[in-house]
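Engineer: The lines below spell out each chain.
2 protein chains.
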Amino acid sequence: MSRVRIADVAKAARVSNATVSFAFNKPQEISEATVKRVMAVAHRLGYTPHPTARSLSTKRSGSIGFLIPQSVEVVFANPFVSDLIRGVGEICEQHDLTMLLVPPLNGSLESAIGRAAVDGFISLGLNTGDRSLDTLRRLGLPCILVDADPQPGIATINIDDFGGAAAAAAHLLELGHRRIAVVGLGEPRDRGESGIGARRLAGYRQTIRAAGGAPPRVVPAGVTFASGQAAFRQLWRAKHHPTAVLAMSDMAAIGLMATAREHGVLLPEELSVVGYDDIPMASWVTPTLTTVRQPIAEKGRQAARLLVAQLGGKHVRSPQPLATELVIRESTARHR
Amino acid sequence: MSRVRIADVAKAARVSNATVSFAFNKPQEISEATVKRVMAVAHRLGYTPHPTARSLSTKRSGSIGFLIPQSVEVVFANPFVSDLIRGVGEICEQHDLTMLLVPPLNGSLESAIGRAAVDGFISLGLNTGDRSLDTLRRLGLPCILVDADPQPGIATINIDDFGGAAAAAAHLLELGHRRIAVVGLGEPRDRGESGIGARRLAGYRQTIRAAGGAPPRVVPAGVTFASGQAAFRQLWRAKHHPTAVLAMSDMAAIGLMATAREHGVLLPEELSVVGYDDIPMASWVTPTLTTVRQPIAEKGRQAARLLVAQLGGKHVRSPQPLATELVIRESTARHR
DNA sequence: TTGTATGCGTTATCAA
DNA sequence: TTGATAACGCATACAA
Numbered sequence: 627m628s629r630v631r632i633a634d635v636a637k638a639a640r641v642s643n644a645t646v647s648f649a650f651n652k653p654q655e656i657s658e659a660t661v662k663r664v665m666a667v668a669h670r671l672g673y674t675p676h677p678t679a680r681s682l683s684t685k686r687s688g689s690i691g692f693l694i695p696q697s698v699e700v701v702f703a704n705p706f707v708s709d710l711i712r713g714v715g716e717i718c719e720q721h722d723l724t725m726l727l728v729p730p731l732n733g734s735l736e737s738a739i740g741r742a743a744v745d746g747f748i749s750l751g752l753n754t755g756d757r758s759l760d761t762l763r764r765l766g767l768p769c770i771l772v773d774a775d776p777q778p779g780i781a782t783i784n785i786d787d788f789g790g791a792a793a794a795a796a797h798l799l800e801l802g803h804r805r806i807a808v809v810g811l812g813e814p815r816d817r818g819e820s821g822i823g824a825r826r827l828a829g830y831r832q833t834i835r836a837a838g839g840a841p842p843r844v845v846p847a848g849v850t851f852a853s854g855q856a857a858f859r860q861l862w863r864a865k866h867h868p869t870a871v872l873a874m875s876d877m878a879a880i881g882l883m884a885t886a887r888e889h890g891v892l893l894p895e896e897l898s899v900v901g902y903d904d905i906p907m908a909s910w911v912t913p914t915l916t917t918v919r920q921p922i923a924e925k926g927r928q929a930a931r932l933l934v935a936q937l938g939g940k941h942v943r944s945p946q947p948l949a950t951e952l953v954i955r956e957s958t959a960r961h962r
Numbered sequence: 627m628s629r630v631r632i633a634d635v636a637k638a639a640r641v642s643n644a645t646v647s648f649a650f651n652k653p654q655e656i657s658e659a660t661v662k663r664v665m666a667v668a669h670r671l672g673y674t675p676h677p678t679a680r681s682l683s684t685k686r687s688g689s690i691g692f693l694i695p696q697s698v699e700v701v702f703a704n705p706f707v708s709d710l711i712r713g714v715g716e717i718c719e720q721h722d723l724t725m726l727l728v729p730p731l732n733g734s735l736e737s738a739i740g741r742a743a744v745d746g747f748i749s750l751g752l753n754t755g756d757r758s759l760d761t762l763r764r765l766g767l768p769c770i771l772v773d774a775d776p777q778p779g780i781a782t783i784n785i786d787d788f789g790g791a792a793a794a795a796a797h798l799l800e801l802g803h804r805r806i807a808v809v810g811l812g813e814p815r816d817r818g819e820s821g822i823g824a825r826r827l828a829g830y831r832q833t834i835r836a837a838g839g840a841p842p843r844v845v846p847a848g849v850t851f852a853s854g855q856a857a858f859r860q861l862w863r864a865k866h867h868p869t870a871v872l873a874m875s876d877m878a879a880i881g882l883m884a885t886a887r888e889h890g891v892l893l894p895e896e897l898s899v900v901g902y903d904d905i906p907m908a909s910w911v912t913p914t915l916t917t918v919r920q921p922i923a924e925k926g927r928q929a930a931r932l933l934v935a936q937l938g939g940k941h942v943r944s945p946q947p948l949a950t951e952l953v954i955r956e957s958t959a960r961h962r
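For the record, the sequence lines run as chains A and B.
In my numbering, each residue carries its 1-based index in the first sequence increased by 626.
In my numbering, each residue carries its 1-based index in the second sequence increased by 626.
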């Protein structure tokens, strides 16, 4: 019981393969009666064009790849990614594109890229110097970067990481905090070099320095609840506890707050916490989280729109970084 | 600057196409020296096998479709889906499979199914009688259903929806609650018919009836924060307010709780709330949410494992429904 | 308006 | 061990 092919339809409808193909793809090119007849036969036989064969011929797969730097398991633990996907998905659906999730294959994004049958990629947080970028270029696949360092010839969607971080730091300084800790993003070796972590850290540091504050202690963390828990424990292990924390993700901030409360730390009286992202959850936790809002879904939409444009042959350029906004809620208070 | 093809490599390495193909796919079939030489040339030229051409030939795409009943925009608003995806992704990565997100195309899942170049599907919540099931059968594509009614010949992953709901209801009854409301799942027209909503509702109803309680009022909702907010407003519009609520999703429960607090309702003193799912967030909100835990990621893993087995030609059967467990936290209290 | 013939880039069969 | 060559299933330029 093999699949119904175009030839089967053609034979049953007493026309050629080409006519069947036209009936599906360019109905206006042939007579209406023929289209009707062919389609009726096709439907009766249960024919559906083979997507792979069609792709090989048209050189279009009708799907785009969503490149993630780690496993699905890890990346989707952060609600940020869901929101980003939602934005991308919105535009994809407008253009009948499906989305392929492409994590590294055996640790290598390069090989995963080569195996993905897609028309282009949206990539989340690709570090400068990553060889995947060369692979992308070599294959000539359109690609839009999100939350990455600008690359020559590749459009990148970014937010004003520095400005958001600066606003967050300024808020804490204004509240009288002087012993401020930073919960970083990713491994220490990455932080100083590049990426959003570095930009945010610069925003924190410069603002604090400009106010005459001491350089903040920085503890590494990821974008998960658990990493926020770990960050708290690390901070509280030291003799002098900070009176305020600047986190680079809401998830880490929320994990940190939960653990702080478990340790009997009063929030925000004894510890002010500022997050980053403003994921929906930030306004549902207790205390509600003061955070730097970034338009997550909009980033996804922009990236997808740009990719669609590029698929259409247009030359696209990186837009201006999107604005961030400090959202003051209950997790920050005046230093006592 | 067209893409490097297998013939280019063959010519440059002075071998035939077949030899190049062997070097990539069955290195043990040809001499080691040849493999080495061919691979060196391939690498120098930047050759990567064309995934679509390869698929057409092997009849394998190396990716599976994740069928969702609504747009990505809507479906990914529920953290439940992220967790499910994480489970599926975990197994996929073990088998070098990528995941294609397949939402309805112009409202029709059927056409979306036909266009997806995948080896099989995992489908979330496909209702009985959905014609997509016929399409799947016709195309002969392996498919595993999650949270759906059992279909003849199609393996389905389910949890003990009834038992979980019954435990939740029993818990509230035990706490002395008699005026209990249910926050449903989906449209009223679907609820009575089939699906997890119906099974959970039956669990609530039968348990309450067995205890001699009055039939619960049921208000419809979805699986989003906003639908929980709406459900609260609808409940509070009536004269007699319930003293406890059974929600069919944590997200709805969390939305309901947030709105209740805004209306000055004390939680859990004046209103007990039970959720369903036990998404991570359930233990981060205030009060922490009493809920029915289901192994979300495990469902994803099971579905993926079954699909992989089916792709391997094995005949698979629906496993036993996975156990649920009532997790008692702070959102439920004795009726005053 | 319809049919024929070729290309898409691999894999795999069968000879050599 | 390697090399021609036929599928794979469809789209499309070109011919009729």
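The hints are simulated quantities; they were obtained by calculation from the structure and are not laboratory data.
Glycine included, every Cβ here is placed at the ideal spot set by N, Cα and C.
Misleading hints may appear alongside valid ones.
Unchecked claim - Sample of chain A residues facing chain B (criterion: CB under 7 Å; computed from the structure): (1) Thr678; (2) Val911; (3) Ile954.
Engineer: Taking the earlier hints as the rules, which of them does this structure contradict?
Structural biologist: 3
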